[in-house]
Structure formats: structure tokens, C-alpha cells
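**Student:** Listed here are the chains, written in short residue letters.
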Amino acid sequence: MIRTDDELITKKQLLEKTGISYGQLYRWKRKKLIPESWFIRKATYTGQETFFPKEKILNRVDQITALKDKLSLDELADRFSPLTMKRVTLSADEAVARHIVSASSVSYFLKAGHDGRSLHFPQLLALSVLDLLLSDGRMNAGESEELLQVLSTHGPDHFDRNSCLYFIRKMGVPAFFIVLDDTELYFDRKTHIVAQLQLQPYAEKLAAKLNGSIHKEDLPDV
Amino acid sequence: MTDPDKKPLADLSIAGSGITPGGIYRKAVISGSGKVQGNISCATMDISGSGKIMGDVDTGTLQISGSGVVDGDVKADSLTINGTSRIEKDVTVAECEVNGRLTIKGSLHGESARSYGQLSIDGDIETEELTVEGKLSVAGLCSADRIAIKLGGGSSAIHEIGCSRLNVHRGIVTGWMVQLFGKIRGAGLTVDTIEGDELFLEDTEVQTVHGSKVVIGAGCRIDKVFYKESYWCANDSQVRAVVKE
Chain B
107 MIRTDDELIT KKQLLEKTGI SYGQLYRWKR KKLIPESWFI RKATYTGQET FFPKEKILNR
167 VDQITALKDK LSLDELADRF SPLTMKRVTL SADEAVARHI VSASSVSYFL KAGHDGRSLH
227 FPQLLALSVL DLLLSDGRMN AGESEELLQV LSTHGPDHFD RNSCLYFIRK MGVPAFFIVL
287 DDTELYFDRK THIVAQLQLQ PYAEKLAAKL NGSIHKEDLP DV
Chain U
17 MTDPDKKPLA DLSIAGSGIT PGGIYRKAVI SGSGKVQGNI SCATMDISGS GKIMGDVDTG
77 TLQISGSGVV DGDVKADSLT INGTSRIEKD VTVAECEVNG RLTIKGSLHG ESARSYGQLS
137 IDGDIETEEL TVEGKLSVAG LCSADRIAIK LGGGSSAIHE IGCSRLNVHR GIVTGWMVQL
197 FGKIRGAGLT VDTIEGDELF LEDTEVQTVH GSKVVIGAGC RIDKVFYKES YWCANDSQVR
257 AVVKE
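Line by line, the protein sequences are chains B and U. Throughout, the working numbering is defined as the position within the first sequence, counted from one, plus 106. Throughout, the working numbering is defined as the position within the second sequence, counted from one, plus 16.
No lab work stands behind these hints, which were simulated from the structure alone. Please note that the accuracy of each hint is not assured.
[Unchecked claim] With a straight-line cut-off of 30 Å between C-alpha atoms, the simulated DSSO-like cross-links for lysine-lysine are:
no. : chain 1 : residue 1 : chain 2 : residue 2
1   : B       : Lys160    : U       : Lys260
2   : B       : Lys123    : U       : Lys229
3   : U       : Lys229    : B       : Lys176
4   : B       : Lys123    : U       : Lys260
5   : U       : Lys229    : B       : Lys138
6   : B       : Lys137    : U       : Lys121
7   : U       : Lys244    : B       : Lys148
8   : B       : Lys148    : U       : Lys105
9   : B       : Lys137    : U       : Lys166
10  : B       : Lys176    : U       : Lys244
11  : U       : Lys121    : B       : Lys135
[To be verified] Not everything, but these chain U residues come out facing chain B in the computed CB check (under 7 Å):
no. : residue
12  : Glu142
13  : Ser159
14  : Gly178
15  : Ser180
16  : Glu211
17  : Gly212
18  : Asp213
From a predicted model like this one, the values you see are computed outputs, not experimental measurements. C-beta atoms are modelled at their ideal positions from N, C-alpha and C, and glycine is treated no differently.
Same shape as in the complex, but just chain U:
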């Protein structure tokens, strides 16, 4: 960092439209349209409108309202996305909240993540708590202590899930769509492997489920369930094979 005896860090502010080099700042604010050319390290970063960071971001809080693109890694205590954003590399945050859409080309590591809208991750997601309402796509491992997913906004897909507790709930479709088409099936979830202690699934298609207490709710299609303690399955779900271990 900088020499503490020198003058305090400056703020970075782009209002309107501008391009600035990266560097170390106290507060960084982009209102309008701004581009940061290089890595940026700051106490807080706030983007309203459209922002592009052509490098890594290391900050306390990063808030993007509107649209944002980060070409590098993001390291932050808290990350809030309102709108649409894309991060090209890995994200390490304590807390992450998405209202809208976030695409991460790397992996997400953190304490808690909440997504209302669409969260798409090309690598792994590893957090203690994960709450999703909407669409979730994870190409790698989705690992968390507690995972709660309320499906909606299109089909979700996860390669692998590893957790203590997993709840996948059917999204409820309301409004004129229902009036027009009658009862329609909500968005589903497709997973290759689920491994966890307490599992509750709805509208989920899985190849293999390993769990201790497994409850298969409505609308599931599962190839194999391996369970230790208890197992229950709703009438309208299909499970090809059930094995007690």
C-alpha cells in the first residue's frame, strides 16, 4: 500500500463519462459511464450506470447498480449487484447479494450468497449459506452448509451439490400466464450428483442422490437414491432405484 506519512488517499469519481487508470483510492464512484484501466484497490466502490474495470478489484464494499463488467478477480467484504454484471475471473467475498443477473466466469468463494434473479457460475461456488430465488447455473461444484433454492426464471442446472442441508422448492407461476395456459410447470433443476445430509427436492432431475434423510417432493425424476436414515417420495415423482445404506 502507500506510505502512511504521505497525504491521504484520493477519491476516484467519474460523473458522466470517463476513463481513468487504476490505482489505490479511498472511495471510488462511477455515475454514468466509466472505465477503469487496470487494477483498482479502494475502501468502497459504487457504480451507478455502467462501469467496466479492466483488471482486478480489491475493495471493502462493491455495489453495482446498472451494469458492470470486471475483467479480473473481485475481492470484497460485500458485493451487491442490482442489475446485470459479469466478472471474468474469481470472486472472493464475505457476502454477496444479486438482484438481477450475475455471471461469474471463475469461481465464487464466500460466507453467504443470496441471489434473486439469475446467478451463473462457470467454476465452483463454495459458501456457508446459499439462498437462491430464480435461476442458478453452476458448471462445477456447488458446496454450502445450507442451500435453499426456489426455482424460477428458466431451467437451473448444477453439476454437483455437496452440503449439509438442501431445500429445492418449486417456483410458483402466477398471473396471466396461468390464466392463459392453465396450470403450467415451473422451472426445473437438473443435477448430476447430490451429496448431503438432509435433502428436500421438488422439480429436480438427478442422476444420483446420496443423503441421510431424503425427501423427494413433487415433480422429480431421479435415477438412484442412496440414503442412510430415512426416505420418502411423493406419488408423482419417479425414482428408478432406492438403496438403503
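Isolated chain B, as found in the complex:
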């Protein structure tokens, strides 16, 4: 999903600015070169309009137009889509050596009894999210197992569905869950939302890292 304070651009502005046609935009959407979640519907005084997160979409259109003569649309989709990264495996040592995940989160992972010889995409994603939450101190190492578990069991199939990871605490007891699609959640007063992470941007970033491609999109702060 898109943070509400991202600067937005209308579909018309996007087409004007980039010179692409409606046909191209819809084709790229069909081929999943542009994620569904970037199409933001909003009511305006002229009726309903579609907006895009400005920086992300301009960046993405630049990349597609630069590469589309060299690569087929399917190859491009592979490049952008975390879903196609399912077949990637790295050993724990490799992942650390390539700076994809930190050594400390890998050690928690191994300590919890997981096999470190071949890490799949969901596990790599789980580890990089773990890195993030541990490094800014919102989570402690003892809680990592639950996070790893929910992400590796339920995360992989839903990257493209605006899934959002919630980390809540009530009376000091942590809980992790994943919510599909863009839904509002309301909690009681004593429940604290420690972190709320949209998984898709992280998955894309990780896919780009694994591809070794340069990805200028910065991850949103959480």
C-alpha cells in the first residue's frame, strides 16, 4: 500500500509527463510491471480519478522505457515482481556476505532451529523485516521466532495483495499477524501497534537486491 503522505500524480499528468499511452499503461498493469496497489482511486469533483505515488511510478516508467527494447515484458515483470523470486535460494552465509540480511538476525534464525543451508525468498524477506524491527529497537530478539513463523507461513502468497504485517503488544505480550488488502483495523485502548509494515515494498526491494539491479525507490519509513 501507499502511505497517504506520498506525493500523488493523476493518470493524466503521468501520461503527459512520460509520453506513454493509455494502451501502454494498461498493458504494463496487465503484465504486472506496475503493481495494482499503485493505482489509487479517489473521488474528485470531476468524478472518480486514479492517482499514483509520484516518485515510484515515474521511476518505474523510466525503468520500463529504458529496458523495454532489450527485455520482453515478461522478463521485465520477473525483474520487478517479488512473486517470481520464489525460486531463489541462498545459503545463510551467502545472504550475509551479500549484505541482504544481517549476521545477527541469521543467528536468531539458526538458533530457532531453522535450516540455514537454503533460504527461500519468504525466509529472506522475513529476515530483512526482522533486521529492520530489531535495529530500531522496537522488537526484541526473543520475539523474532513468532515473526519469522508468520511471515514464512503466510507471507509468500500475498505480496501482491496489499498485505500488511502488524506487530501489536498488549500488556507486554507481543502478537504478529498479516492482514490482506487495504483494511482499517481498530484496537482497544490497551493494545499498542508497535509496527505496521506494508510487505510489498519490502518484497520488491529485496527482489531488486537479489537481482543485483539498481533500485532507486527508497523504502518508506514505518
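Got chain B sorted already, so can you dock chain U onto it with the hints?
**Tutor:** Below, chain U without anything else, positioned relative to chain B:
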């Protein structure tokens, strides 16, 4: 899937009337009336008569001649409907051909879809090519590279269209109806928004059209047209506002 060392997959065959559990098969054939209770995965599936699958279908080719109901998703390389069918969830196919009537409660994704008769989709349809002769109803987005619609068999309605090229042609009414009632207006198409590069419309009612080359043929009623390169409108069509961008 199954262990390759084990014996080869069995065929599923219902002739007459029968109920069978789902599972993995090589060829599945229902002739007569059959019900599959659960998900089925097979190389080919052929239903002649009436078939009901109470689950998902994952197959190479699915052919339904007669009437079919699938309670779940359909995933296939090719889907052919001759007769009437209903699919309760999403359809992902490379090629889809409908001769008769197909109702999809979810969305249709694929490379090409052709419908001669009636195609009704509660979600979106996204294909590279879409050819329709007859009635088309899409409650969501209808997105394709090339869309060709020849109207007929009742009023068509689409929420949104996004495409490179769109051709909507008036259906021709012939036979005794014409002799009886004289010239009658064929079935129309109603759309909220059309966005595309090259657009040709007949008998279409639209709120907003965004296009590069826009040709409004006979029998259209359009609120606003925004165009980039060229615009033409037939005399008997009404367009309230035209804006060159």
C-alpha cells in the same frame, strides 16, 4: 503432484450419472450428468451434458458442451464453452472461447478471449485480445490490448475500459423482426469510462472518453470526449463536450 515412480495417473470417466471425489487424473470425461466433489487437477477435462465441480479446476484444456458449474477457480491453457456455464471464482486461462453463455463471478485473466453469445463478468477481465459478438457485461475493468465488440443479444454494460485499440460495432438486426417492426435499433453498450489510444464507437453511451484518435460513429451519446490527436463524430451522435488535450 504424485510420485512419478508410482503407477500412471488414472482417467476419470462418468458416463450416465455419477458422483466422484476430486483428485488428480490424466483425462477426465463426464458424459451425461456428473458431479465432482472437490478440487480436480487433470491434463484434460471434457464435459458433455451437465457437470458440476464443487471445487477448483486445474487443467490443460477444459471443454464444456452443455451446461457446467464450477464452484471454485479455473486454471487452464484453454477453456471452451459450448452451451451455458457458470464459474463462481476467478478464471486464469491462455485462451478462452465461449459459444453460448458464460458467467464468471470473479475475474478473467488470460491472453485471448472470444465470446459469441453472452459473457458476463462480475470482476475484471484482463486479456491481450478480446473479441465479442453479442452481449458483454463487465462490472469491473475491461482491459485488453485490442478489443473488438460487435453488439447484439441485449444491452451490454462495462464499468471501465482500458486498451490500445477499441472497436465497438453496431449489431445488425435482420430477419422477420425487421420486416415486422421496420428498422429497429440494435443492442447498445453503456460504459462509465473509456481510456485508450485508438477508439471507434457505435451505439455506445459513455460518460467520459479519453483517447488519442477518437472516432464516434452512429448512435452514440457521450458526455465528454478528451482527445490528443484526432476526433471525428457522426451526425446522428450526441457529444456534449469535446476537449483537445
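**Student:** Taking the numbered hints from earlier one at a time, note which ones the structure violates and give those numbers from smallest to largest.
**Tutor:** none
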